[in-house]
Amino acid sequence: MGISHTLSRILSGLFQKKTARIGIYGPPNAGKTTLANRIADDWSGTVAGNTSEVPHETRRAVRTGNITISGSNGKSITIDIVDTPGVTTRVDYKEFLEYGIEREDAITRAREATEGVAEAMHWLREDIDGVIYMIDATLDPFAQVNIMMIGIIESRKLPVIIAANKIDLPDASPQRIRTAFPQHPVVPVSCLEGTQIESLYEEMVKKFR
Amino acid sequence: MPHRCAGCNTLFPDARYLKDGCPVCGSGKFIYEKGTDRKETRSQKVPEKPLITAEKQKEKEIPDGQQESVHKEGDPDSIESIHILEPGRYDLNLSRLIESDDLVVKMGQDDNYRLDLHSMIRQKRKK
Numbered sequence: 003m004g005i006s007h008t009l010s011r012i013l014s015g016l017f018q019k020k021t022a023r024i025g026i027y028g029p030p031n032a033g034k035t036t037l038a039n040r041i042a043d044d045w046s047g048t049v050a051g052n053t054s055e056v057p058h059e060t061r062r063a064v065r066t067g068n069i070t071i072s073g074s075n076g077k078s079i080t081i082d083i084v085d086t087p088g089v090t091t092r093v094d095y096k097e098f099l100e101y102g103i104e105r106e107d108a109i110t111r112a113r114e115a116t117e118g119v120a121e122a123m124h125w126l127r128e129d130i131d132g133v134i135y136m137i138d139a140t141l142d143p144f145a146q147v148n149i150m151m152i153g154i155i156e157s158r159k160l161p162v163i164i165a166a167n168k169i170d171l172p173d174a175s176p177q178r179i180r181t182a183f184p185q186h187p188v189v190p191v192s193c194l195e196g197t198q199i200e201s202l203y204e205e206m207v208k209k210f211r
Numbered sequence: 002m003p004h005r006c007a008g009c010n011t012l013f014p015d016a017r018y019l020k021d022g023c024p025v026c027g028s029g030k031f032i033y034e035k036g037t038d039r040k041e042t043r044s045q046k047v048p049e050k051p052l053i054t055a056e057k058q059k060e061k062e063i064p065d066g067q068q069e070s071v072h073k074e075g076d077p078d079s080i081e082s083i084h085i086l087e088p089g090r091y092d093l094n095l096s097r098l099i100e101s102d103d104l105v106v107k108m109g110q111d112d113n114y115r116l117d118l119h120s121m122i123r124q125k126r127k128k
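Order-wise, the sequence lines are chains A and B. Numbers given in my numbering equal positions in the first sequence, counted from 1, plus 2. Numbers given in my numbering equal positions in the second sequence, counted from 1, plus 1.
Everything labelled a hint here was simulated from the structure, so no lab data went into it. Nothing here was measured: the structure is a model prediction, and the numbers come from that model. A hint or two may mislead.
[To be verified] Some, not all, of what chain A presents toward chain B, calculated at C-beta under 10 Å: (1) ILE109; (2) ALA112; (3) VAL119; (4) GLY153.
[Said to hold, decoys possible] Pair by pair, the computed Cβ-Cβ distance ranges are: (5) A:LEU171 x B:TYR33: 43 to 49 Å; (6) B:TYR33 x A:GLU104: 38 to 44 Å; (7) B:ARG17 x A:GLU128: 37 to 43 Å; (8) B:PRO14 x A:ARG62: 43 to 49 Å; (9) B:ASP21 x A:GLY153: 35 to 41 Å; (10) A:GLY102 x B:GLU87: 17 to 23 Å; (11) A:ASP43 x B:GLY27: 54 to 60 Å.
For each residue, glycine too, the CB sits at the ideal point set by N, CA and C.
Construct the entire structure; sequences and hints are all you get.
Encoded structure:
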């Protein structure tokens, strides 16, 4: 065993890639935590976080580690899933009042949501190796936040899969999302019902290897 | 070239205060105002020293709701990563948040930012 071989082993050990961290990003109420929970449940039997119809239910990034996902081709990936707070360009406590939350609690929730967005953006900058970007397929995909976030993800050269969620709803149109972002793979899913979730796993194994 | 002070929102007709800071509130951050009519800019003589605090100046000069017209939602030209419209209402500049070395760790009760200075120093050293 020569010196060059030993050196090569040391160097490869030093620069060995850590488990890839895949961030689930998207606007509030797109279904990010529902997807994180489904992935965690399907592949590790755990739960990642609570879900709610009130926007900004997830206000801190939640990491679920060492999840191994296998594809039909026999290949697999081991990843950490990071469920992030909903990203938005404006947080307004008045939005929470409509859900019966008291004013003071709504203001506190808005502060925490703002911290959450800052934290999500910091994760994207420092710790994320790939992104699943969730879009509610019943809404207009050309929303400012989607355009900005996809642009930011592209500028950081991160691999991205767009999940067109909520296809179980009658107004859902994954095709609108494909038209909006033709440069990225778009996988129609219903994270709540599990519809076509296998297609998303296949794409993840392909994209995040 | 008209510039608006990011601290107290005062509009100046030219760039004469960019170097020394705003004569009203002392802030060193200015926003270049594209296409602003020079007639709209501050015409009266600027006092040598700040006479009132930036917060009081803001309350005095900017009625409710007018701030939002200056800081448009998601404005990529804004120099602030988080703009506080009022307690519980915030405009977030996503591009600025990801570019900036600032890591916001807490929004205070009085709606001040709290930044993780250690992480900012560590990032500088890494580079």
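Hint check:
no. : hint                           : result
1   : ILE109                         : holds (4 Å)
2   : ALA112                         : holds (4 Å)
3   : VAL119                         : holds (5 Å)
4   : GLY153                         : holds (8 Å)
5   : A:LEU171 x B:TYR33: 43 to 49 Å : holds (45 Å)
6   : B:TYR33 x A:GLU104: 38 to 44 Å : holds (42 Å)
7   : B:ARG17 x A:GLU128: 37 to 43 Å : holds (40 Å)
8   : B:PRO14 x A:ARG62: 43 to 49 Å  : holds (46 Å)
9   : B:ASP21 x A:GLY153: 35 to 41 Å : holds (36 Å)
10  : A:GLY102 x B:GLU87: 17 to 23 Å : holds (21 Å)
11  : A:ASP43 x B:GLY27: 54 to 60 Å  : holds (55 Å)
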